[in-house]
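Mind assembling these two chains? They're in different frames, but the hints should get you there.
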Amino acid sequence: MEFENYSSDKSILVSVFCLSTSLLLLLFQNHLFVIKIKTALHQLSAPMAQRLSGVMISQEFDESSTISNEHLRKGGDSHFSTIYIRSMNEQLKNENANFLQLLHIKEDLWSGSIASRVISRPPQRWFQEIIIDKGIQDGIFLDSPVIGIGQEKAAVVGHVIEVTPQTSKVMLLQDSLSSIPARLEGHPSDDGVVEGTNANELLFKFLSRDSKVKIGDLVVTSGLGGLFPPGIALGWVTDIGPDPRQLFLQATLSPAYMPGKLRAVWILIHPTHS
Amino acid sequence: MKYFLFFITTLFLGLAFQLFINQCIFLPGQSWSILLIAVIYLGLRRGGTVAQWMGWGWGLLWDGAMMGHLGSHSLFFTLVGFAAGYLRRHLDQTKIWAQSVSAGIVVFLYQLFDSLGGHLFGTNAPSTPWVLFLLNPLLNALIAPLVVWGLHLWVQVWDLFPNED
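Those sequence lines, one after another, are chains A and R. Quick note on numbering: my numbering labels position 2 of the first sequence as 2, and the sequence is numbered without any gaps. Quick note on numbering: my numbering labels position 123 of the second sequence as 123, and the sequence is numbered without any gaps.
Calculated directly from the structure, the hints in this document are not laboratory data. Treat the hints with care, since some could be wrong.
Residues from chain R shown here face chain A by an in silico Cβ test under 10 Å; the list is partial [unchecked claim]:
| # | residue |
| --- | --- |
| 1 | 16 |
| 2 | 31 |
| 3 | 48 |
Lysine-lysine pairs mimicking DSS-like chemistry, simulated, CA-CA at most 30 Å apart [stated by the list, open to error]:
| # | chain 1 | residue 1 | chain 2 | residue 2 |
| --- | --- | --- | --- | --- |
| 4 | A | 93 | A | 36 |
| 5 | R | 2 | A | 10 |
| 6 | A | 205 | A | 153 |
| 7 | R | 95 | A | 93 |
| 8 | A | 153 | A | 93 |
| 9 | A | 93 | A | 10 |
The C-beta atom is built at its ideal place from N, Cα and C for all residues, glycine as well.
Extracted from the complex, chain R is given alone in its bound form (with noise of 0.2 Å):
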């Protein structure tokens, strides 16, 4: 049940987070994606399965939010909870850089792929000028530690992996 209410709460608030973060800090283009850096650092310090989950929720919520298409977040956030889990042995998920770094390629993999889903899908690629496309992976870098932060506190405050760190 407490596993039930802290996925519950955690895919709700994130989704509120992320929905006040594009209201409030914005520059034509620019976007910070606290999700993705939520379901890296899932994956890195809690294993795959939990970010598998938590990207598949957080990417058909923001889907259905945006009102885009259903499916592709959640597609694109399970792949990177996969990829996170997965190299959660080979990295040093509490270094900053490797937080940072991590945020930085999975972000630039991203507008890749949000471009790519606009051509496939016959809808229009992302308005992304190719400034803010270099730039908007170094600035999610930037606030990843902070995300990953913030988010550590949150997940202890539920203790449910005790043994993790």
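With the rest of the complex left out, here is chain A (with noise of 0.2 Å):
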């Protein structure tokens, strides 16, 4: 066969084959068979995915380790090791603290977590979407919701939207869609309700025009709903000024999760769930 030698028939033939399937699919996304085809190409390429992310969690363990490496074995530069060591025992206690407060809040509010790696981020939806490596058969379920660690506190990082037998898809907080209920740390009446903006900035509306919130204070979420337990860090506000109807006050806030470090997280089941 030369694909040279195609008459236009053939080419336009190709041509209403591959855009009317692609249109049947698009207009049949909720079918069965379309969704079952959509999972079976999503397990062709997952492992792939996993593979990747393996190779970029590895090599930043590499890098670290080369250097390292390279100080100790300058014995000459023995300071210099030592204040290198020093600073990664540091960082280290302080992802282990994190770690514990992940455990903690696990242990508290709701028994079951899943601990989860993300395998893929679209670029162009950056501060929308992730995908994890856990799926239905690890026991996630639709809306579970995704915690990782903030500065000094677990934080909600999103909830999952789609789930397959080994991935999920999870809509991270500072989507436009996201909506969840929220209140001021402290003040349990500071009740409000946090939405994205789909950039690295969030929006704490309906708090009430003699709230006492003040730019530095943490939203947490208020439990309201059942999606999110309560207690767990959203955002720092950054920024507070009148809604645009001049009804309600409303406060930026800076998420409490790092977006730019997002490798691994952790799935809250429910207790109905689980």
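Laid out in structure tokens, this is it:
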């Protein structure tokens, strides 16, 4: 078969076939058959994405170990090596503290949680979606809350919006379709809703005009609606002002989790599911 | 058989390369559309038929990999393959400027299509800031000759299109 010898008629036939199948798939995207095809295609690419994300993580470990080994080999520069090892130790201590905090949330609020790795993140939907390497087979359900590690606390990352047997898609907190009931930490009556903006900031809406909110305050989940357990960090207040209709106060938040370093997350399993 | 192997290997290698690029080189909102540039190359150098098949296959795989709307990328990539094949006789595809300009235009259109698709199918539009909306086509135009060169070498290894160049 020589492609160059294809007549224009055959080329048009190919166009018709490819375009019509694409359109049919789009039109019937919620049909079981199309979902099965999509899942099968995803299963084909998921191991590749998993392997590549593994490469990334191991590269990071390799880089850090290479640096430390080089410094250790340079015996004359032992002072620098000590500083380096101390800072690494500090970093590990902090990470350990963060994981312990995550464990507390798990024990205090919901009994089950699953650790998962981020295997894919569409660049054009950087603040909207991630794909993780756990799915139905691991006990993940639709709407399961996803948490990560913030600067000082465990923090909300988003919730599961699509599950396949081995992977799940997570809608991030910053997606403008995301809306989570929230309150100011330490002020249970100062509650509202945290919404995404499709950028690296959030909006804390519907705050009462006599709210005590101030810059630097932490906003946490209120637990209303039952999707997220109460008390998990959402973001830090960076700006306050009236909302466009002048009826409520509205605060701009910086997300509590670190979006740039999103490598691993925890999925909380609701007690009724576990 | 050789053609079939070429298609399958190129499909999966292209997908792996795109996934790798997405994970390694990133700025929020910035993306390298390697697959799109590859479809343009195949259309301009190898004809519309091969470009449409590959575009369709890559589109479906990409929709599956990203758990997006199945059919959206295959639709756009097929259209790009068709357009590139149509322009084949009107554009000197060996010129670097032609590769860059076509990649830039197509990436810009792709971003528009992606935003429109989000609105049409009830999902969210991509969070690309407008600066990157303009910068992405330029960046992709810059790397297009490199991608084309790599793909050209890959196609030559297979020796499937002996009379092409």
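We went through each hint and held it up to the structure:
no. : hint          : result
1   : 16            : holds (5 Å)
2   : 31            : holds (4 Å)
3   : 48            : holds (5 Å)
4   : A:93 / A:36   : violated (45 Å)
5   : R:2 / A:10    : holds (21 Å)
6   : A:205 / A:153 : holds (22 Å)
7   : R:95 / A:93   : violated (56 Å)
8   : A:153 / A:93  : holds (14 Å)
9   : A:93 / A:10   : violated (65 Å)
In the structure shown, a violation is registered for the earlier hints numbered 4, 7 and 9, in ascending order.
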